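Chains as they are written, first to last, in our numbering: chain A, 24 to 300; chain B, 88 to 315.
Keep in mind that the hints are not guaranteed to be accurate.
[As the list claims (entries may be wrong)] Listed below are several chain A residues computed to face chain B (Cβ distance under 8 angstroms; list not exhaustive):
1. 113
2. 115
3. 124
4. 126
5. 134
6. 149
7. 153
8. 154
9. 177
10. 193
[Unchecked claim] Here are the simulated SDA-like cross-link-like pairs (lysine to any residue), alpha carbons at most 25 angstroms apart as the crow flies:
11. 119/A with 216/B
12. 119/A with 227/B
13. 119/A with 100/B
14. 119/A with 287/B
15. 119/A with 123/B
Bear in mind the hints are in silico, worked out from the structure with no lab data behind them.
Since we're looking at a predicted model, the values are computed, not measured.
Think of the CB as a built atom: it goes at the ideal place given N, C-alpha and C, for glycine as much as any other residue.
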Amino acid sequence: MTGNGSRPGTGSTPGASSVWDVNLRRHLQHAGRRFELDVRFASAARRLVLFGPSGAGKTQTLRMIAGLGTPDAGHVRVAGRTLFDRTAGIDVPARKRGMAYLFQDYALFPHLTVAQNIAFGVQRGWLNAAREPRHEAVDRWLRTFELTAVARQYPEQLSGGQRQRTALARALVAQPRALLLDEPFVALDPALRARLRDELADLQAELAIPLLIITHDEADLRRFGDEAFELADGSIAGQRRRTDTRTDLGSEVRPVRGSETGPACGRDRATQTRAAA
Amino acid sequence: MEGAWIPLLLTLKVAAWATVLNMVAGIGLGLLLARLRFPGRDLLDAVLTLPMVLPPTVLGYYLLVLIGRNGPIGAWLQTQFGINLVFTWQGAVIAATVVAFPLVFKSARAAFEAVDPEFEQAARVLGRSEPAVFFRVTLPLAWRGIMAGLLLAFARASGEFGATLMVAGSLPGRTQTLSIAVYEAVQAGQDALANFLVLVASVTCVAVLLAAGWIAPGRVAGRIAGSR
Chain A
24 MTGNGSRPGT GSTPGASSVW DVNLRRHLQH AGRRFELDVR FASAARRLVL FGPSGAGKTQ
84 TLRMIAGLGT PDAGHVRVAG RTLFDRTAGI DVPARKRGMA YLFQDYALFP HLTVAQNIAF
144 GVQRGWLNAA REPRHEAVDR WLRTFELTAV ARQYPEQLSG GQRQRTALAR ALVAQPRALL
204 LDEPFVALDP ALRARLRDEL ADLQAELAIP LLIITHDEAD LRRFGDEAFE LADGSIAGQR
264 RRTDTRTDLG SEVRPVRGSE TGPACGRDRA TQTRAAA
Chain B
88 MEGAWIPLLL TLKVAAWATV LNMVAGIGLG LLLARLRFPG RDLLDAVLTL PMVLPPTVLG
148 YYLLVLIGRN GPIGAWLQTQ FGINLVFTWQ GAVIAATVVA FPLVFKSARA AFEAVDPEFE
208 QAARVLGRSE PAVFFRVTLP LAWRGIMAGL LLAFARASGE FGATLMVAGS LPGRTQTLSI
268 AVYEAVQAGQ DALANFLVLV ASVTCVAVLL AAGWIAPGRV AGRIAGSR
């Protein structure tokens, strides 16, 4: 459909220095529900937010960037590396993409301790790490996230904040190229959210790795949205860019050029199915 | 009474082999049917479950037809390797394995289907290969259910009577397992021997259940008694 070089939607983004270059289409059908996903965005932002209501296709998009789903068409490039390109026949398997993925409910391995969970990303082979893994990197992340005291406990014994830190440590220990977060604060109580948001922002600044958050929470958008795309009914419906760090992003919404050419029929169908659901 | 130990040891040997064989076959086929969708999957599932519902003597007859001297598998084994399975303890292992197989297969399939795919996806994103995902995530998470199936299979295999009698017969000291020895003793009017054999069998079963509780405290035994 689109040529290799074209980057629809965001003409203002410098293509060469692009951190995120995502163009994916997928027809989803699940339990009688049909959904057309057509997501195109490109951005040079180190901290990018994809926001929109639940059911808009955010998680599906993130999964395809991580390699947990295969688009029907399009391409995915992160930090200059092509992870998927239908026309070029490239589909890097999830295990080789070097993406850190934080699942909404963290997906901590219930049969492994905190230390073993964190060691999972660096322990090679067909066996899990010993109950007390001897990895310098694991120890360092345990200390960084103040998890040393609970290193031998199992996920079900942890508080919500400890769970999130364990999942983050597990994702970061293998030195990923980018960090993908699926509603990272939704599972936490509100008091904890603000604190962990600050922690994550500091961490990202320190590690200097690209970060992409999907969220429906305006607070996440304000904190991490150097640039943000709004996703609605399976396609990009708007874009917000932070010009001044103190500006509230909420006041600055403009439609994306590409979205007007998006498949209107697909959107209609998605709306119908949402109404039916 | 010394005659009781030989059938007991033979029974334990046969049941242990049957359990090991079922561990490989049951986990393999359970995983296959839990994960792959292919035409005829439901039919294959039904065929693999058949030994649980067929009368053991019918099953034994099928096995005789297959592995007997003139059966397709039996004749092939005879000409290729000079192996004869009928009226041997290995034949008893085959019979016990087939009879107990659905218990492992069903438990394994259900256990694999109960593993949340998100854990496997998390493992993949963390850079692990498919075999590593299986051995480090899928199998450990399904293990409790599989273990319960294996224990039931061991119990079923050690109590096997009908199919074993058809395939391996009742040769004292060679293929006469505990449950067959009990039957023979009663038939011969040897009440003292029958009493002793029954006692040995009962004590062995209690020991197995206790061992199960020790291997996986409160879980396997609870599962056998309870939900599944």
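Against the structure, the hints:
no.	hint	result
1	113	18 angstroms, violated
2	115	12 angstroms, violated
3	124	4 angstroms, holds
4	126	6 angstroms, holds
5	134	5 angstroms, holds
6	149	4 angstroms, holds
7	153	13 angstroms, violated
8	154	13 angstroms, violated
9	177	13 angstroms, violated
10	193	7 angstroms, holds
11	119/A with 216/B	9 angstroms, holds
12	119/A with 227/B	24 angstroms, holds
13	119/A with 100/B	46 angstroms, violated
14	119/A with 287/B	57 angstroms, violated
15	119/A with 123/B	24 angstroms, holds
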